[in-house]
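Engineer: So the sequence lines, in the order shown, correspond to chains Y and V. The first sequence lines up with residues 1 to 257 when you count with my numbering. The second sequence lines up with residues 1 to 252 when you count with my numbering.
If you are wondering where the hints come from, they were derived from the structure by calculation, not from laboratory data. Given the structure is predicted, the values throughout are model-derived calculations rather than measurements. One or more of the hints may lead you astray.
Below, computed lysine-lysine pairings styled on BS3-like, alpha-carbon distance capped at 27 Å [claimed, not checked]:
(1) K220/Y to K83/V
(2) K88/Y to K109/V
(3) K27/V to K96/V
(4) K220/Y to K151/V
(5) K3/V to K96/V
(6) K50/V to K115/V
(7) K152/V to K220/Y
(8) K47/V to K27/V
(9) K83/V to K3/V
(10) K220/Y to K60/Y
(11) K3/V to K27/V
(12) K109/V to K83/V
Spelled out, the chains give:
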Amino acid sequence: MTDAKRPGRLSTLARSTIGAKIVMATTGVILVGFLVVHMLGNLQIYLGPDTMNHYAQTLKGTPALLWGVRAVLLVGLVLHVFAAIRLKGLNTAARPQEYAVPRRYRVTSSAARFMLLSGAVVLAFIVYHLLHFTVGVTNPADFNLHEVLDVATQTWVRNDNEQLLAKLPPEMVRHDVYSMFVRGFTNPLIAGTYVVAQLLLAMHLSHAVASMLHTLGLSKGTAARERNINIGRAIAAVVVLGNLSFPIAVQAGLVHL
Amino acid sequence: MSKTMTLTLQIWRQRSANTPGSMQTYKLEGVNEHMSFLEMLDVLNAKLTKDGQDPVAFDHDCREGICGSCSMVIDGRPHGPRKGTTACQLHMRTYKDGDTITIEPWRAKAFPVIKDLVVDRSSFDRIVAAGGFVSVNTGVTVDANATPIGKKNADEAMDYAACIGCGACVAACPNAAAMLFTGAKVGHLVKLPQGQVERRGRVLRMVEQMDHEGFGACTNHRECSEACPKEISFDAIELLNREYMRAQVTND
Chain Y
1 MTDAKRPGRL STLARSTIGA KIVMATTGVI LVGFLVVHML GNLQIYLGPD
51 TMNHYAQTLK GTPALLWGVR AVLLVGLVLH VFAAIRLKGL NTAARPQEYA
101 VPRRYRVTSS AARFMLLSGA VVLAFIVYHL LHFTVGVTNP ADFNLHEVLD
151 VATQTWVRND NEQLLAKLPP EMVRHDVYSM FVRGFTNPLI AGTYVVAQLL
201 LAMHLSHAVA SMLHTLGLSK GTAARERNIN IGRAIAAVVV LGNLSFPIAV
251 QAGLVHL
Chain V
1 MSKTMTLTLQ IWRQRSANTP GSMQTYKLEG VNEHMSFLEM LDVLNAKLTK
51 DGQDPVAFDH DCREGICGSC SMVIDGRPHG PRKGTTACQL HMRTYKDGDT
101 ITIEPWRAKA FPVIKDLVVD RSSFDRIVAA GGFVSVNTGV TVDANATPIG
151 KKNADEAMDY AACIGCGACV AACPNAAAML FTGAKVGHLV KLPQGQVERR
201 GRVLRMVEQM DHEGFGACTN HRECSEACPK EISFDAIELL NREYMRAQVT
251 ND
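Just chain Y, with the same shape it has in the complex (with noise of 0.2 Å):
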């Protein structure tokens, strides 16, 4: 074949449903990444106000790092949910006259089935979750807590006293994260909240990984397709349960300002 005839090459990826499938999975790796980095570095609440408060003066002390992370999430976020919502409508036109009859089926999992939805679900709540801990526009008092360097003891205080935060050099003033982090999870409605999208964010996961491994080639042969379901139930898990424990813990007083 001469080379006239053979097809482009990135306008066929864009165009076609694997194109489409291999944006959800590379999306999907990094969200994974970093869902496993955020929850690791949450685990920190347990080692007190110090450490919590240092980790997040650290990573808002490089913002060069910070903001890159950031714009890679966002725009892994943006392309995963563009990617599904188009294959979700390709899917969907594929079959413009449902069974009669339901179908039976043999091996999908609830999980598989209900992606949009659980996608749905964690989505809306990475946006609640933004705005709770992130901007801190849905619980300002619990959101703008700061601590001070006290420079004779070398130690960081509690202060709220805004005109005096106003006045300090930037090094000496750090977010208080401990204390926002148990103020937002004592009310038993947001604990609640957190809990419920967790379990979702379970379920989308435990199909997630196994189906981007294997979009990426990377499951061939039934042993290696049935070891990638299991990590990618145990990834789900473990990110999970962390992120269970948070809410868990300070609702069970175990984590208390």
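Let chain Y serve as the given structure and place chain V on it in line with the hints.
Structural biologist: Structure of chain V alone, referenced to chain Y:
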């Protein structure tokens, strides 16, 4: 003496592609347990014809499980309840007296209903025509074993080549995707030396045609390989993804 049974059949009747269809109920007596599923439908059709009614249209040809013509969703499963079995190889001993059986055509945009249980599967032919072949100059037949092929590759190629193109994978897929079929057709050639020359263009063109026909996209439910009467491995889709990605980055 063989047992006979009385069945209630609920069958999709649709006069033509453009008229709406519906499920119709038929009572059929005297079904012999040794009949194949299609023979049972033959008996029903003989009865319908005798009664002056239109017989149920269904695709069939070899009736020995290798042609890929029979195509019906029986009780919510393509080709019925038995694994690795085409509808023509399904026997009525699977059922018992008094059972109700529902029969529907494949449902997919790319498989429009022609009549009753018959669907137009030429979309599969067009996917194969887009690249599921090797171009060779004809002439004297090549000697057997002139091109040695490793055992593993030969086995895998043969496993993918077992696809009979019946469309059960599409019918079983929640997304009406044809990626198991396309993967099998790409797979049986990519495993062989003869398939290497057109390797890159083949997968790109076949996937393009597959999308153009209006099939859905795989979301890894794995229903297709479970429904496949030839038990094509779900590896076919993983292979298709890998070949497609490879084709995006290589030049051969």
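Engineer: Checked against the structure, which of the hints given earlier come out wrong?
Structural biologist: 10
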